[in-house]
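Taking the hints into account, I'd like the entire structure generated from these sequences.
One letter stands for each residue in the lines below.
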Amino acid sequence: MSSLNASLATALSGLMADQGAMATTTNNVANVNTPGYSREEAVLVASDPVVLQPLTFGTGVTLQSVESIRDSILESQIQQQNQGQGQFSALTSALQQTQVNFTTSTNDIGTQITNFFDSINQLSTNPSDLSLRQAVLTAAGNLATGFNNTANNLTQQQQNLDLSVVQTVGQINQLSQQIAQLNGQISNLENVGESAGTFIDQRTQAIDQLSSLVDVSEIPSDNSITLTTGNGAPLVVGQQSFQLQTQPIASGLHDVYSQTGADITRQITSGQLGGTLQARDQEIPAIKTQLDTLASGLVTAVNTVQTGGFDLNGVAGTNLFNPPPVNGVGTAASLSVAITDPSLIAASSDGSVGSNGNTEAMYALGNQGIVAGQSPTNYYSSIVFNVGTDAANASAEQTASGLVLQQLNDQRSAISGVNLDEEAANMVQFQDAYAASAQVVTTINDMMNAVIQMSTLTG
Amino acid sequence: MRVNPNPYPDLLAAVAQTQQEINTDEQQISTGSSVNVPSDNPAAAAILVQNADQTSKDDQFQRSSGSVQSEIQNADSTLSSVITSLQQAISLGVEGANGTLNASDQSALATQIRGIQSQLVSLANLSYQGNYVFSGTATQTAPYSLTPSSPSGVTYAGNTGVNSVTLGDNFTLQTNLPGSQLFSAPGADMFQGIQDLINGLESGQGIAAAVVEVSNASASIDTQRVFYGNALSQITAQQTYLSGETVQLAQQENTVAGADLPNVISNLTTAETSLQATLTTIGQTAHINLFSYLK
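Protein chains in written order, with my numbering: chain A, 1 to 459; chain B, 1 to 295.
Hints listed in this document are in silico derivations from the structure and should not be mistaken for laboratory results. Among the clues, some could well be false.
Going by beta-carbon spacing under 8 Å, a handful of chain B positions derived as facing chain A [claimed, not checked]: (1) Arg2; (2) Asn6; (3) Pro38; (4) Ala46; (5) Val49; (6) Arg63; (7) Thr137; (8) Asn159; (9) Gly161; (10) Glu202; (11) Gln205; (12) Thr285.
Short derived list, chain B residues pointing at chain A, Cβ under 10 Å [unchecked claim]: (13) Gln17; (14) Gln27; (15) Ser30; (16) Ser34; (17) Val35; (18) Pro42; (19) Gln50; (20) Ser64; (21) Asn131; (22) Ser135; (23) Thr175; (24) Ile265.
Note that the Cβ used here is the ideal one computed from N, Cα and C, for glycine as well.
What follows is the structure, encoded as structure tokens:
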């Protein structure tokens, strides 16, 4: 048979459990706006019953644990998506800057090519006129400057991206350290059976940030997490973090190395670092190569015609532009006009001062396949198309992955986010239960008093 | 089912996106173009590069046509003066061939024709913008000079070169005829005819033959003048064509990249309404939860 004391203990367990549950609700409400916080739930279980033959009595309630509510599969999907989002954001913002160089204006390369050929056409109407010759030299100079500026802007952008690579690696290292520390705190708590929810939230958030910076693979182990880059270079193993390093290479840009010294630059394919490297090492160099092809094709053809004609003094022409390097690399950046004396333009095809035969030949180059089989303007327009397409694609990818990420974050929030209505309802519920348990204690107290008074009467 | 208790990130994302749309619409309205950077429409951006190139080339062809046109007009009217002078010489020659004139009268006529000869040299040495028009491509050299020792009375210092100027994508126009062909062609040599006429009048021999020579030269020049007339009408036709093409290019630019203003403005209005609605939603949902109702 049960006793009043036992009932009192049972009521007390209710009071204790409700206090604990209330603390959980309070904590949830307090953290309603904390980024990365997963709501907690008080797990209440009925205490083990006692058997007093022939009856079995409950012994109240136990607050077994406080659990953070999260979906680890969803979280790893979010981390995955963060990598894409980081990559395409970096790529988009880089290419948005790049394409400004190829936006039609008064001094873009396309306009300068047109102006150059226009000046030659005008010279053709009066080939011995010094002011028209000077106009051709000026247009040639502007064309060279157009190539120089665009190539230099691209190089400058590569250098800025390089700075961002170094900074991003610094952030990655900081986050790795933080995650390794959190791993330690989590396993310390979990090893003694305590809930590490808050630390896990912090770690999840750190991994979210890390995954937007670099492609991360996550290998969960007991109470801990191992993180590697996509190609397997370790970032965090248990409580130890592995620092990535950056070292300048021949071009002056920085490559990324694992802690063991392996160059992993080419293997980093996503995250902000991946996107930045893609812009720095692939997109921009590809555009520079196309500019070099355009510049060297154009310049070589112009020089060939120029040296085949005669200048105003009847002397065989010399190069109009300084000839490009043999392999063409760097032509756009270094392009310059070789002559300053307008009379040296070889307008004449026969040595007579009034002949425009060679001017016409030079003008005709504008419509000839002198740049990889295309006319200079057509080749330039294909560069514009490529740059525009790459920027548009990156931007579309960014938008798409942003939408998926938003969806996933909504799902995570639906599972783990603090809902104030729910917390208010819980609060009322726990308050009522607490009041009820307290009432039970009062009642038992009355019953106790009754028993004591009964003893007094008999005594 | 548990719903997402925190709608704010989504709402803010919607606000950001709507603002982006508003920016894009406003840019399109202010520039009148739907392609402001290549990524707006890469294919259109590439077409615009070619369109701008062609438009600029056409403008240049117009300018070059103008330059060439003035030079050719000058040449043409000079040739007209040449023919007038030759007609005078012929009249004088016919007069001189009349058997009633004595030697002194003929000599006086010869002197008049020497004057015409000088005039013709001066006309044939026409210079336009510092260039001799009838000296072939030796444009810095006066083509003709009076040379009494020469059988034709003059020497030709020009060459036989001709220039052609590109005035359209598939249109190249020859812009000059050298004096050697215009004035000194064998069998139609104007200066030879004039010199023979002078010699004839001074000697009283072969005047009629010399008049025929001058007539032939005059006819030949008149025939060759057609070259300049044709060139001028070709230039006019080309200028008309270029103007038409410029209009077409502007239309193409508008078709490819012109902002569809009614549509853009309607989008802008929609986006602004949507922005207001989203912001209102954010303002209103802010304060409603169960805590507000608990006493």
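Consistency of the hints with the structure:
1. Arg2: Interface hint status for B:Arg2: holds (5 Å vs cutoff 8 Å).
2. Asn6: Hint on B:Asn6: holds, closest Cβ of chain A at ~5 Å, below 8 Å.
3. Pro38: Holds: closest Cβ of chain A sits about 3 Å from B:Pro38, inside 8 Å.
4. Ala46: This interface hint holds because 4 Å falls under the 8 Å limit.
5. Val49: Cβ of B:Val49 sits 4 Å from chain A, so the hint holds.
6. Arg63: For B:Arg63, the interface hint holds, since the closest Cβ of chain A sits about 6 Å away, which is under 8 Å.
7. Thr137: holds, 4 Å
8. Asn159: holds, 6 Å
9. Gly161: Hint on B:Gly161: holds, closest Cβ of chain A at ~6 Å, below 8 Å.
10. Glu202: Constraint on B:Glu202 not satisfied, violated at 37 Å.
11. Gln205: violated, 40 Å
12. Thr285: This hint is violated: B:Thr285 lies away from chain A, its Cβ roughly 12 Å from the closest one there, beyond 8 Å.
13. Gln17: holds, 9 Å
14. Gln27: violated, 12 Å
15. Ser30: violated, 15 Å
16. Ser34: Violated - the Cβ of B:Ser34 stays beyond 10 Å from chain A, reaching only about 13 Å at its closest.
17. Val35: holds, 9 Å
18. Pro42: holds, 3 Å
19. Gln50: holds, 5 Å
20. Ser64: Holds: closest Cβ of chain A sits about 5 Å from B:Ser64, inside 10 Å.
21. Asn131: Interface hint status for B:Asn131: holds (6 Å vs cutoff 10 Å).
22. Ser135: Hint on B:Ser135: holds, closest Cβ of chain A at ~8 Å, below 10 Å.
23. Thr175: Holds: closest Cβ of chain A sits about 8 Å from B:Thr175, inside 10 Å.
24. Ile265: violated, 24 Å
Comparing the model with each numbered hint stated earlier shows that hints 10, 11, 12, 14, 15, 16 and 24 do not hold.
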